[in-house]
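Student: Chain by chain, the residues run as shown.
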Amino acid sequence: MGDFLLVTIQVDLYDQLAENLESDLINTINKHNSKGVLIDISAVSIIDSFMGRILGNIAVMAKILDAQTVVVGMQPAVAITLVELGLSLNGVISALNVEKGMDLLRAKMYNGDNEEQIDDDNSDQ
Amino acid sequence: MAITKNRSMMITATNKVEIAIVREQDVVPLRNRVKDYGVKAGMSILNQTKLITATSELVRNLLKYGGGGKVLVEEVNNGRDKGVRATFIDNGPGIADIDLAMKDGYSTGKSLGLGLPGTKRLVNEFDIKTEMGVGTTVTIIKWKNG
Amino acid sequence: MQKNVLGGLKEYESKLNTIWTQLLLERGSTDGATEEEESKEFTSLFLEAIKLGGNSTDLNSQEFDKLYDLLTGISISRAKRGFSPRETGQYIISFKEAASKILSEIESEPAALYAANLELSTIVDNLTIMTFESFLKGREDVIARQTEEISEISTPVIRVWEGVVALPIIGTLDSSRTQIVMENLLQQIVDTGSSIAILDISGVPAVDSLVAQHLIKTVSATRLMGAECIISGIRPEIAQTVVHLGIDLTGIVTKATLASALQTAFEMLQLTVVKRK
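Protein chains in written order, with the working numbering: chain Y, 155 to 279; chain H, -6 to 139; chain V, 123 to 399.
Source of the hints: derived by calculation from the structure; they are not laboratory data. Even for Gly, the Cβ is constructed at its ideal location relative to N, Cα and C. Careful, some of the hints might be misleading.
[What the hints assert, rightly or not] Straight-line alpha carbon distances no greater than 25 Å define the calculated BS3-like cross-link-like pairs of lysine-lysine that follow:
1) K75/H with K188/V
2) K75/H with K202/V
3) K137/H with K137/V
4) K137/H with K173/V
5) K339/V with K33/H
6) K137/H with K339/V
7) K122/H with K57/H
8) K63/H with K9/H
9) K137/H with K75/H
10) K223/V with K75/H
11) K339/V with K96/H
12) K223/V with K137/V
13) K113/H with K339/V
14) K137/H with K33/H
15) K339/V with K254/Y
[Said to hold, decoys possible] In silico negatives: residues of chain Y with every beta carbon more than 10 Å from chain H:
16) D157
17) F158
18) S203
19) K262
[To be verified] Taking CB as the label site, the calculated pair distances span:
20) K162/V with T5/H: 39 to 45 Å
21) T294/V with V21/H: 38 to 44 Å
22) L160/Y with T379/V: 38 to 44 Å
23) R16/H with W283/V: 35 to 41 Å
24) N70/H with S297/V: 21 to 27 Å
25) T294/V with Q164/Y: 40 to 46 Å
26) P22/H with E176/Y: 42 to 48 Å
Given the sequences, and given the hints that come with them, work out the whole structure.
Tutor: Shown next as structure tokens:
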């Protein structure tokens, strides 16, 4: 089985930094042939439309490289602000914390259906 | 102390700072400064987050479409509530059609096209003035209990 | 243009206070000794302002600042102690009467007396307006505080099972209330590590497109955090209006009762409830 990649974002990113993160992450996925990526954003205090788009891009790009992305630990205030802003982060799957994110990735792996996961949150029916 | 008349309510503004925005790196210090003002006004984490996110969106527009400019940050008080006012001033080309720009889903750039209307939802007062060839000024206020 | 008759009141300060207090007692618009000090201070600040040159041509001049501050304080405290607007108004109007009475004693020439009274009226009328503004503000503060208290007590988040929280919403859901509901719900989700939230709207009288929009926002925010949100307590008439208004709730898991929402939550968590033999 492929391994999982855990990325923790510790600082608030400005644009160039976020774009670097995007390319670094995609390269790392490719290099290690990772099957899952966990992005821990619990230390991130704001996500604006740019940052939201970067997260969406990572998910889609990772997908093309056959890796599943799960964003974990979003702060309540960040989630509410994103909704008010009108940003739904389509294509991004979330989990409450790293542990639950890991469970989610494992579940996805065993289910093995790579299609159709775009906005499917509950993997078990 | 500047006093502005607004919606028949007197708003007093204090502690004005001016921050020049020329590069992307200027965004983080600005966000921190705005956050300090929000904390000082006694805002909840949620309202701080909304204010900072709105600031972030607007300063991005200022850099992308206005080619940089400056941001004024002030504490405001309307006698009932404290808050933060931020004014984003650029000398860019201006916005051709304001109504269109304020519509959900419209954007001339490569962003998601929810900049202005989404930002407006995050704050309590939102005012935009633009003139072709002269520039654009956007003013927002977030009240502590707003 | 005229001699300062109003300034002459200064010498009759204690008499002015006596008459004023007398009037207030007769009209029952005071609660006694606690206010006597306030009234004395008011009189002295009023006379001080006149002495410093405060007059009706500029009611916003700084001579009046201290007086205004005191009056604002008095009015707000009266509003909070539950005085009626009439009683509060009487307070300041009685002052005018008392002052006017003394003026007619110390000035015999009609023209000068008239001018002094007019001056007094203009100043005190402005004070009356301020009194009402402050009084209303005092009331508004009370209302604002109560609103805050109500919204706090009315959004309890209940942990119904390991990993499942429920939030019954009672009353109308407006945007500020939605905000509080979302904040509480999401915070509880984080604190308890729950992956399922049930929003019960049995207590919501009506669901229009705005309320529906608020519900959809709450569900979206919950999902962004990585939890699922079920809406329960949808009564038949609410289902009808939702459809008639053309509101799209298809992306949301909805259940008729809290019981069936809990059932769904169990299924999602792969739990079964079995009856003991």
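Student: For the pair we were handed, K137/H and K33/H, check the Cα-Cα distance against 25 Å.
Tutor: holds (10 Å)
Student: When you check the alpha-carbon spacing of K122/H and K57/H, does it fall within 25 Å?
Tutor: holds (17 Å)
Student: Please check whether P22/H and E176/Y have a Cβ separation lying inside 42 to 48 Å.
Tutor: violated (23 Å)
Student: Taking 25 Å as the top limit, are the C-alpha atoms of K223/V and K75/H close enough?
Tutor: This hinted pair is violated, its Cα atoms lying about 44 Å apart.
Student: Could you check the hint for me, namely that K162/V and T5/H are 39 to 45 Å apart, CB to CB?
Tutor: violated (32 Å)
Student: Would you check the hint for K339/V and K96/H, treating anything up to 25 Å between C-alpha atoms as holding?
Tutor: With Cα atoms ~19 Å apart, K339/V and K96/H stay inside 25 Å; holds.
Student: Is it true that T294/V and Q164/Y lie within 40 to 46 Å of each other by Cβ?
Tutor: holds (42 Å)
Student: Holds or violated: K339/V and K33/H, Cα atoms, limit 25 Å.
Tutor: Measuring from Cα to Cα gives roughly 29 Å; hence the hint is violated.
Student: With a cut-off of 25 Å on the C-alpha distance, tell me whether K137/H and K339/V pass.
Tutor: Roughly 22 Å between the alpha carbons, so the hint for K137/H and K339/V holds.
Student: Tell me if the straight-line CA distance from K137/H to K137/V falls inside 25 Å.
Tutor: Violated, at roughly 47 Å.
Student: If I claimed the Cβ atoms of R16/H and W283/V lie 35 to 41 Å apart, would that claim hold in this structure?
Tutor: Hint violated: Cβ distance 51 Å, outside 35 to 41 Å.
Student: Please check whether the beta-carbon of S203/Y is more than 10 Å away from every beta-carbon in chain H.
Tutor: violated (5 Å)
Comparing the model with each numbered hint stated earlier shows that hints 3, 4, 5, 10, 18, 20, 23 and 26 do not hold.
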